[in-house]
Amino acid sequence: MSYLARRLLTFPLVMLGVSILVFFAIRMVPGDAITAMLGTEAGLLTPAQRAALAAYFGIDKPILVQYWSWLLGVLQGDLGISVIHGKPALAIILERFPLTLQLALMSMCVALLVGLPAGVFAATRNEKMSDLAVRIFAMIGQSTPNFVVGLLIIYALSAGFGILPTMGEFTPLFTDPLRNLGQMILPAITLGFAFAASVTRISRSAMLDVLSDDYVRTARSKGVPKRSVIWRHALPNALIPVVTLSGVEFGYLLGGAVLVEQIYALPGLGRLVLEAILQRDYALVQGCVLFIAFNFLVVNLLVDLLYVTLDPRIRLGEGN
Amino acid sequence: MSMLRAIFSHPSGRIGGTIVLLYIVVALLGMSGITPHNPLQQFRIDRLHAPSALYWMGTDLFGRDVASRLMNGIGQSFLVAFCSVAIATFAGTVLGLTAAWFGKAWDGLVMRIMDVLLAFPAILLALLIIAVVGPGTWTSVAAIAIVYTPIFTRVVRGPALSIKAREFVDAARTFGSSRRYILTRHLLLNLVAPLTVQVTLALAWSLLTEAGLSFLGLGTQPPASSLGLMLADSRNLMENAPWMLIFPAVAIMISILGFNLLGDALRDILDPKARRSAP
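Protein sequences, first through last, are from chains A and B.
Taken in order, the first sequence gives residues 1 to 320; the numbers are from the working numbering.
Taken in order, the second sequence gives residues 1 to 279; the numbers are from the working numbering.
You may find that some hints are simply not true.
As the list claims (entries may be wrong) - Listed below are several chain B residues computed to face chain A (Cβ distance under 7 Å; list not exhaustive):
#, residue
1, Met111
2, Asp115
3, Ala119
4, Ile123
5, Leu124
6, Leu201
7, Trp205
8, Leu245
9, Asn260
Just so you know, these hints were derived from the structure itself, not from any lab.
Note that CB positions come from ideal geometry on N, CA and C, so glycine has one too.
Construct the entire structure; sequences and hints are all you get.
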C-alpha cells in the first residue's frame, strides 16, 4: 500500500484512539460527575434528584454505552455543554480559535522572516566568526522557554521605556486591525523566538548540505553569480526540511500557546484549556483537547502530503 | 573515561558538560539543605531586599532568600526532570524493544497507542493528566514521563528492528542464546548510543515542561520552590524587584542550554553520520 493511502487510513484510527483516551481519562477523575459539575451544592441533592440528573446526563448507563452516545454526538459536532459558560463547548472553542490561529500564523511569519535569512547567511559563511555568532544565538534561542522570553520582553519594555504591553480587553482583527496587531505583535515575537532559532539551525544545516552538491558546484563553475546560486539554485532544495519543521511547529501552535496566552492575557484556545482545567469544567476540557488533537493531526497529515509534493524524489513508501 | 574525554574535547561538549556538572552540584547542595539561608525562612524586615553581601540574589516578597530558593528550586526541577526521563526511558525502551522483537499484533498495538499519545502537543497531554490526577510534584513526574515515553519507544524500535535482522542475532539464536540474553546483550547494548543522545535532549525538554507547569501553578506547589514557581512569583513584582525575575530566568535558560549543548556534542561523538543533517 502506498504511504499516502496508509497515512490516510490511519488518521481515523488514531483519532478514534484519541477520543477513547480523552473520554476515559476524564472519567478517571476522582468523585462522580454530578459532584464534579455542581461542586458542594451536590450535597444538597436528594437521592431522587441525583438519579434524575444522572439519567438526564446519561451517566446511569454502562460506560461503553455512554462512550458510544458521546462519540455519535462528537461526530455530529456536539462536544457537550460547558458547565461554567452554560453554552455548547464547540461554540466557545470556535469563539477562541481565531485568535489562536492568528497568533500561530504571525509567529510563523516572525520565525521564517528571521530564521531563514539567518540560516542562509550562516551557511554561506561556514565556520567563520559570523556563522559562529548566528549559531550561538540560535542555540540560546532554542534553550529559552517562550514564557521566559515573554516575561523578559515585558520587563525590558517596562523598565527601559516605561511602557506595558496592551492587555485587558482583546480586540478582534476585523474590529480594529491596528489595535489588534498592537496587542498581538509581542506575543507573536515571544512565540516566534524559539521557533526562529529552530528555523535558523535547520535551514543552515540544510543549506550546507545542498551547497556541497554537484549541481551547485556546476552552477558556480559556469560562472553563475553567487547570489543567484544561493537564492535560486540552492535555497529551493534546502527548503524541504524547513517546510516540515514549520508545519509540525504550526500544528503545536494551533494547540494554543498556553503559557504565552496566559502571560499576555490573551483569550485564546490555550488559555481556555487552562481555565477549563482549573475550574474543573470537564466537558470543556474534553472538547478542547479533542479539537486540538484533531487540528494537530490534520496539520501533520497536510505536512506529509506537502512533503511528498515538494520533493518527488522522496519515496515515503519505503522504510516507514 | 574515554567517553568523558571525548565530551570534554568537543567544543560544545566542554561547555555543556561543565554547565550540567555545575548544575548537578548546585541541585544536590540545594536538595540537601546546604544553602546560604533556609529557603523557607522569612526575613520580614528584609522583604524585597536588593542583592547584597548577605542576600546574594536579593529576597522575595516574604523576605525569603532568592539564592537559597533558587538552589532548592534547581534541585526540585532536576529531581522532576531526572525522574520523569528515567521512567520514560525505561518504559520506552521496554515497549520499543518488545514491539520490535515480537512484531505482529503487539507491535501494532504498542505503536498505535504511541501514535495516539503523539497526537497531543506535549504540554496539552501533561495538562490533561494533571486535570485528572490533580497538581503536584509527582503528578508532574508522571505526566512528563507519559508525554516523552512515545519518543523513546520510537527511538528504540527503529534501530532494534534493523539490528534484529542482522546476522549476528540469527547466529546467537542458532547457538541457543536465550531471548532475554539476545534482547539485553545484542539489541540493548547497540541502542545505548541513540538512547544517550535522546536522554540528554529529553532532560532539556522536561526541564522546560516542568518550569512551564510550575509557572501555571500545576507543578510543584508552594511553599516549596521551583524555577517556574519563582518566575510566577516575580510577575507582579518585576519592576520593583527585577532580581526575582532575572536570576530564575537565567538559571532556566542556562540549564536547558547546557543539556542541549551536551546532547549536540553526544550526537556528534556517537553518531558522526548524523552530524551534518542534524538540525
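Cross-check of the supplied hints:
At about 10 Å, the closest approach between the beta carbon of B:Met111 and any beta carbon in chain A exceeds 7 Å, and the interface hint on this residue is violated. Hint status for B:Asp115 relative to chain A: holds, with the closest Cβ pair at about 5 Å, below 7 Å. Hint status for B:Ala119: holds, given a least beta-carbon distance of 5 Å to chain A, under 7 Å. A cut of 7 Å between beta carbons decides the hint on B:Ile123: the least distance to chain A is about 6 Å, and the hint holds.
For B:Leu124, the interface hint holds, the least distance from its beta-carbon to any beta-carbon of chain A being 5 Å, beneath 7 Å. Hint status for B:Leu201 relative to chain A: violated, with the closest Cβ pair at about 11 Å, above 7 Å. Residue-level restraint check for B:Trp205 is violated (minimum Cβ-Cβ distance to chain A is 10 Å; threshold 7 Å). Because the beta carbon of B:Leu245 sits about 6 Å from the nearest beta carbon in chain A, less than 7 Å, this interface hint is met.
Taking 7 Å as the C-beta cut-off, the interface hint given for B:Asn260 holds, the closest approach to chain A being about 5 Å.
When the structure is compared with the earlier hints, violations turn up for hints 1, 6 and 7 and for no others.
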